[in-house]
Every structure is written in structure tokens, then in C-alpha cells.
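Undergrad: Chains as they are written, first to last, in the numbering used here: chain A, 1273 to 1650; chain B, 417 to 648.
Everything labelled a hint here was simulated from the structure, so no lab data went into it.
A couple of the hints might just be wrong.
To be verified - Straight-line C-alpha distance at most 27 Å; calculated DSSO-like pairs for lysine-lysine:
1) A:1278 - B:605
2) B:496 - A:1278
3) A:1507 - A:1317
4) B:533 - A:1278
5) B:544 - A:1278
6) A:1507 - A:1288
7) B:561 - A:1288
8) B:496 - A:1638
9) B:605 - B:633
10) B:496 - A:1567
11) A:1423 - A:1447
12) B:552 - A:1282
13) A:1290 - A:1274
14) B:605 - A:1567
15) B:561 - A:1290
16) B:437 - A:1638
17) B:533 - A:1274
18) B:552 - B:531
19) A:1567 - B:633
20) B:437 - A:1282
21) A:1282 - A:1447
22) B:531 - A:1638
23) A:1278 - B:552
24) A:1290 - A:1638
25) A:1282 - A:1507
26) B:531 - A:1278
27) A:1282 - B:605
28) A:1282 - B:531
29) B:496 - A:1274
Claimed, not checked - Chain A is nowhere near these chain B residues, computed Cβ spacing over 12 Å in every case:
30) 443
31) 450
32) 571
Built from N, CA and C at the ideal position, the CB exists for glycine as well.
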Amino acid sequence: MKGIFKLAYKLLVNDKAKFTALLVGITFAVFLIVQMTAMFAGTMKRASATVINLGASVWVMDPAVQTVAQTTGMPDYVLDAARSMQGVSYAVPVYSGAALVKLADGTYQYVTVIGLDDATLFGRPQLLQGKIEDIYAENAFIVVQDPEFAKLGNPHVGTEFQVNDHRGVIVGIAKVASSGLFGVPTLYTTYGRALQYLPNPRFTIAYVLVEPKSPADVIHIKQQVQALGYLALTKEEFIDRISDFYIYQTGMGTNLLIMTAMSFIVGLSISGQTFYTFVLENLDKFGALKAIGAKSRELILMILFQASFAALTGYGLGIGLCVLLIALARLRLPDYAALITYWNLGLAFVMVVVIAAISSYFGVRKVLRIEPFEIFRG
Amino acid sequence: MPDPAIRATGVVKWFGEGEAKTQALRGVSVEAYFGEMLYIVGPSGSGKTTLLSVLSGILRPDSGSVSVEGANIWNLGSDKLADFRLHKIGFVFQDYHLFPRLTTAENVAIPLILKRKPWNEAIGEATKYLEIVGLKGRADLPPVKLSGGEQQRVAIARAIAGQPDILIMDEPTASLDGDTGVAIVGFVKQNILNDRRCILIVTHDDRINQFATRILKMEDGVLTETVKKGPS
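Just chain A, with the same shape it has in the complex:
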């Protein structure tokens, strides 16, 4: 059987014009599909950055919250109630808000401020420089070293600036798992200091971060929080809720769907037609093979092999091209939000398989119908 596949391979790749057209079609389709979904995945990850970075198992929030950045303050009793709930190991408040930083050179820069629970510092980032206890020092902030870091003038430990007209000092430089979506630097401080530095509404707790005693307790915690009139979501549920918001309420999902469908149609049109033409041009040769003694299933295998080979090669090239583009983009735009995930690759693979299947289906039908007698008659 190897010989038959090699024969099919040579028939395909030696027809350089058709093979190139096939590869271009599939590569282009895969590139578009992976690029679009990678941008979407990157954006979604950024949109959930705070959820990922703080790492709490269960998030208690106002039911109006759709994204992590659009917080609605909750009264302190929610925190007290959460701490007293059956199945809760511990619960801490977290503050999330925006502030305006004035740098030493006089320029202004918006930042995201995360206020961690004063007692536990739950959700603190991993420090690259400085000591975590210094966060309790006067005016202390920890800055996240991410692609937005440079917007604060590449600060170091000891750098001073103003946060909402209050003095601030960098006491640590940290790294986090995911950068934010909105292109602004992130500062960590204590919950108490965040309340001092940032203008506050009546209720100040953005989220209550809850750690259940066991995974089985999550359901009870959710029920008890719901009884209070609030919403408790697991980390994964909150990330899904944020994704759903962007997919269904911003048009991103529709655009993604349209682009993915267009990529598929373009890929299918170019590749399907080229492959079909390839089969048509070789129809008399397939007929001759049939006359010589090739069985129908051998011819089907040859066509499936050709379609699969072209599809998988195009798949690899498309992904390679996408990786190259993202790498090049990141040279200029370090915070370029694109993330190739197994989900992206899986989706593109499924589409490529469908393209190969549809392309080969028509070719197979044609080849099965060709009668060797037609070859004899010329």
C-alpha cells in the first residue's frame, strides 16, 4: 500500500501549479481561521486577566457584573456573610478600580489598581524585585512588569509618582500570568490604601474572593450567596461569563463567526475547485489505472491521501504563518493580544478536514464513475 500512496504523492506534488494553488488555498484559510480565533482567545484571556491572576476559586459579585473591569460595589455585610457561610474556608475582599498616575516627567497615565486584603494579601502577584511585606509601607505600590510596564517610565523599586494626587512609591516589581485587556499598567496595593487613594462610592467591595473547604461546598456557597441577592461564580464560570459578554453583547462573536465562515468558504472554494480540477485533469489516468487493475478502493485511497496530504501540509503552513505573524507583530506591539490555543488549532483542523473531505468527495465520485472502457474508446 505504501507504493500506492507514494504514487499518489508523486502525482500530486509533481503537478506543481495545482499543488501550489491547493496549498495556498488551505494555508490562507487556516491562517485566517487561526489568526482570528487566536486574536479572540488572546482578547478573552486579557479580559479575564484579573480573574486569572488573583486565582480565587469562587468569586462573589453583584449580579450586574458582566466583566471583571465593570465592578459594582457590594456592602461589607456580604463579606461578613460569606465568612460565616457553611463550607467556606476563608473569604477576603478585593478592590478593583482605575486611577490616574502622574509620572516624574509630568505626564499622566491611567492605571488599574488592585487592592488586596490587608490581612492576608490573598491574590498577591509573584515578586521579581522587592519584598512583599513592603506593601504595608507608607504609600507603597507594587507594579506589574508586563507589556504596559514601560508606560510608567520603566519604574524600579523606589520610583516615586502620584496616584490621584497622592504620593506613591514602587516597593516591588511583580509578574502575573496574564496582562490586562485595556492597555494600562497594573498596580497592586492593600485594600485599605486603595480605598484611601481612589474615589469611592458608598459600597467599596468589588469582589469577595472565597475559598471553599472542598469542591463539593461550592454548590452550597452559591446557593447561600444567591439567597443574599448576590452571585457566586467559580473562576471558570466567571471567565465564561466574561467571554459570553464579549461574544454576545459586543459583536465580537458575530465578527468572529463571519470571519471564520469566510475563511472556511475561501479555503473550500480555492482548494475544492483546484482539487476537483486536478482530479478531472487526471481522470483518464485514473481510468487507465482502473483498466490496468487498480481497485476502486485503491483509487479512493489515493484521492483521500492526496487531499489529506495537501490539507495537512496547508494546515502546518497556515499555523506556521500565523505564528510568524504574531511573533513579528509582538516585535512592534509587545501587548499584541493573540493566543494560539489547542481550541484554535482544533477548530482549524476540523475545518481543514471538512475541506479535504468535501474536496475529495467530488473527486472520488468522478473517479468511481469513470469506466475503463471510456479510456479504450479514447
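Since chain A is already given, all that's left is putting chain B on it; use the hints.
TA: Positioned in the frame of chain A, the structure of chain B alone reads:
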């Protein structure tokens, strides 16, 4: 009288439907023997190619039987029939039907590859068959780089590469000039025909009659006469 290589009895074949229905073969009976170079001649539309197709197992007759080496081939299923063609029949098509994007050796190796021979072994054997047909040193060239006569020789090499008992040649001189055509068929008679092989040729070309063992004339789907019977 030895057993025939091919025995066809009362072969009937219709084409088309309704008013367009025509009878291509009207109860043809024919026998071909090993060591014989049998020509089937006749005007266009007389049913020569149809008969050749029925005899070689690529066109199912509406009635009648075809036995090759004693076995009725039209009782075989499609896979067995394909195997029969692969192992018993070698085809030289009128337009050669060589793969332009394969080398001549790869073209010749096709029956061997279909017989599941490893690629390199098949190419090695194909190169030997190319030498037999006088194309030594042409193994790596694509067919388009060869002359018409050379392409015909490649087609012959491909047909005999599977070591068939029966060689079917459809208008072998149609695409060649007179001298080349005569040379090719003469070559086939001298080098390819042997006591264990039967060669059936459909032709219009009188210039190659000298090589025939027997010539059967066809007209309107029936065999009308045996023109010549030479030594078998």
C-alpha cells in the same frame, strides 16, 4: 488443438437506450491462442474496441461468456476482475495514457506497484523492462521528453511489466508515423510474443499485417471472415 487463451461465445453488447439503442456486438464468438498475434480489423464503429474491452474484462457483455484460460471472467466480482486484469492482461492504450508527471520508470512500474511490490524494487524492475523495449537510459525522463515511438515503447513496457499472459493493443500505430509503427509492432512480435503469451491487436493499419498470425475482420458487430492464418 491446444486450449485457447481466450474463448468468447455468443457475446452480445448493446449501447444506449430507447431509439438510440444500438447493438455493438451481435453474438460474437472468437478464440485466441497462446503464441498467437491476433488482429481484429474493420471499419470505425464495427465493434472492434468493444470486443477487445469485453475480452479483456473491462466491459461487461449483455449476454454470452468470455473464458480466459478456462475461467469465465464475467462471473467474477469487481475486485476479482480488477485482480484478473492486473495479473493476466497488459494494456497498450491508443493514446498511451502515460502519467506526464511521473518518470518513464515510474510509469512502467505502475502494474508492479499495484501488485504491492516495494517502490524501489518496482522501479528497478521497470528499468529492466525499459531496457527490453530499447529505452535504456530514459528511466528518469518524463514521457513528454520522449518521441511518439518512444512513448509507445514505454506503454508497451508498462503493459508487459506485470508479466501478463494476454497483451491488448488498441490501434498501436495510430499515433505513429508509418515506419515507426511497423518497427514497433515488429519489435513486439519479435521480443514480446512467446509461447505463453497471446497478443490481441485492434488496428486499421494494413502496413502491419505482415506480423499477424491471424486477422479477424469485423463489420456491424459480427466477425465476417478470417483473413489470414499464419504460423502460430
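Undergrad: Each hint: holds or not?
TA: Against the structure, the hints come out as follows:
1. As the CA atoms of residue 1278 (chain A) and residue 605 (chain B) are separated by approximately 34 Å, the hinted pair breaks the 27 Å bound.
2. Restraint check for residue 496 (chain B) and residue 1278 (chain A): the C-alpha separation of about 24 Å stays at or below 27 Å, so the hint holds.
3. Our distance criterion of 27 Å between C-alpha atoms is met by residue 1507 (chain A) and residue 1317 (chain A), whose separation comes to about 13 Å.
4. Proximity of residue 533 (chain B) to residue 1278 (chain A) is assessed by CA-CA distance (about 12 Å); at most 27 Å being required, the pair is judged to hold.
5. For a cut-off of 27 Å, the pair hint linking residue 544 (chain B) to residue 1278 (chain A) stands: about 21 Å separates their Cα positions.
6. Distance check on the hinted pair: residue 1507 (chain A) and residue 1288 (chain A) sit about 51 Å apart at the alpha-carbon level, beyond 27 Å; violated.
7. Of the pairs offered as hints, the one joining residue 561 (chain B) and residue 1288 (chain A) holds, with about 18 Å between alpha carbons and a cut-off of 27 Å not exceeded.
8. Distance hint between residue 496 (chain B) and residue 1638 (chain A) is fulfilled; the C-alpha atoms sit about 22 Å from each other, no more than 27 Å.
9. Of the supplied pair hints, the one linking residue 605 (chain B) and residue 633 (chain B) holds, its CA atoms being roughly 20 Å apart against a limit of 27 Å.
10. As the CA atoms of residue 496 (chain B) and residue 1567 (chain A) are separated by approximately 9 Å, the hinted pair is consistent with the 27 Å bound.
11. Taking the CA atoms of residue 1423 (chain A) and residue 1447 (chain A), the gap is about 16 Å. The hint holds against a cut of 27 Å.
12. Taken as a hint, the residue 552 (chain B) and residue 1282 (chain A) pair is honoured in the structure, with Cα atoms around 23 Å apart against an allowance of 27 Å.
13. For the suggested pair residue 1290 (chain A) and residue 1274 (chain A), the alpha carbons sit about 23 Å apart, so the restraint of at most 27 Å is met.
14. Pair hint residue 605 (chain B) plus residue 1567 (chain A) does not hold up; C-alpha atoms about 31 Å apart against a cutoff of 27 Å.
15. The suggested pairing of residue 561 (chain B) with residue 1290 (chain A) holds, with an alpha-carbon distance near 21 Å, which does not exceed 27 Å.
16. At roughly 25 Å between alpha-carbon atoms, residue 437 (chain B) and residue 1638 (chain A) fall within 27 Å of each other, so this suggested pair holds.
17. About 9 Å separates the Cα atoms of residue 533 (chain B) and residue 1274 (chain A), which keeps this hinted pair within 27 Å; it holds.
18. Restraint check for residue 552 (chain B) and residue 531 (chain B): the C-alpha separation of about 24 Å stays at or below 27 Å, so the hint holds.
19. Proposed proximity of residue 1567 (chain A) and residue 633 (chain B) is contradicted: the alpha carbons are some 33 Å apart, above 27 Å.
20. For a cut-off of 27 Å, the pair hint linking residue 437 (chain B) to residue 1282 (chain A) is broken: about 42 Å separates their Cα positions.
21. Restraint check for residue 1282 (chain A) and residue 1447 (chain A): the C-alpha separation of about 52 Å exceeds 27 Å, so the hint is violated.
22. At roughly 24 Å between alpha-carbon atoms, residue 531 (chain B) and residue 1638 (chain A) fall within 27 Å of each other, so this suggested pair holds.
23. A C-alpha spacing of about 24 Å is found between residue 1278 (chain A) and residue 552 (chain B), which places the hinted pair at or below 27 Å, so the restraint holds.
24. Straight-line distance between C-alpha atoms of residue 1290 (chain A) and residue 1638 (chain A) comes to about 18 Å, which keeps the hinted pair within the 27 Å bound.
25. The suggested pairing of residue 1282 (chain A) with residue 1507 (chain A) is violated, with an alpha-carbon distance near 52 Å, which exceeds 27 Å.
26. As the CA atoms of residue 531 (chain B) and residue 1278 (chain A) are separated by approximately 14 Å, the hinted pair is consistent with the 27 Å bound.
27. Using a Cα cut-off of 27 Å, the hinted pair residue 1282 (chain A) and residue 605 (chain B) is violated, with the two alpha carbons roughly 34 Å apart.
28. A threshold of 27 Å between alpha carbons decides the hint, and for residue 1282 (chain A) with residue 531 (chain B) the separation of about 18 Å falls inside it, so the pair holds.
29. Restraint check for residue 496 (chain B) and residue 1274 (chain A): satisfied, since their Cα atoms lie roughly 21 Å apart, inside the 27 Å limit.
30. At roughly 20 Å, the least C-beta separation between residue 443 (chain B) and chain A is larger than 12 Å, which holds for a residue marked as non-interface.
31. For residue 450 (chain B), the shortest C-beta to C-beta distance to chain A comes to about 20 Å, beyond the 12 Å cut-off, and the non-interface label holds.
32. Against the 12 Å criterion, residue 571 (chain B) falls within the reach of chain A, whose nearest CB is about 10 Å from its own CB.
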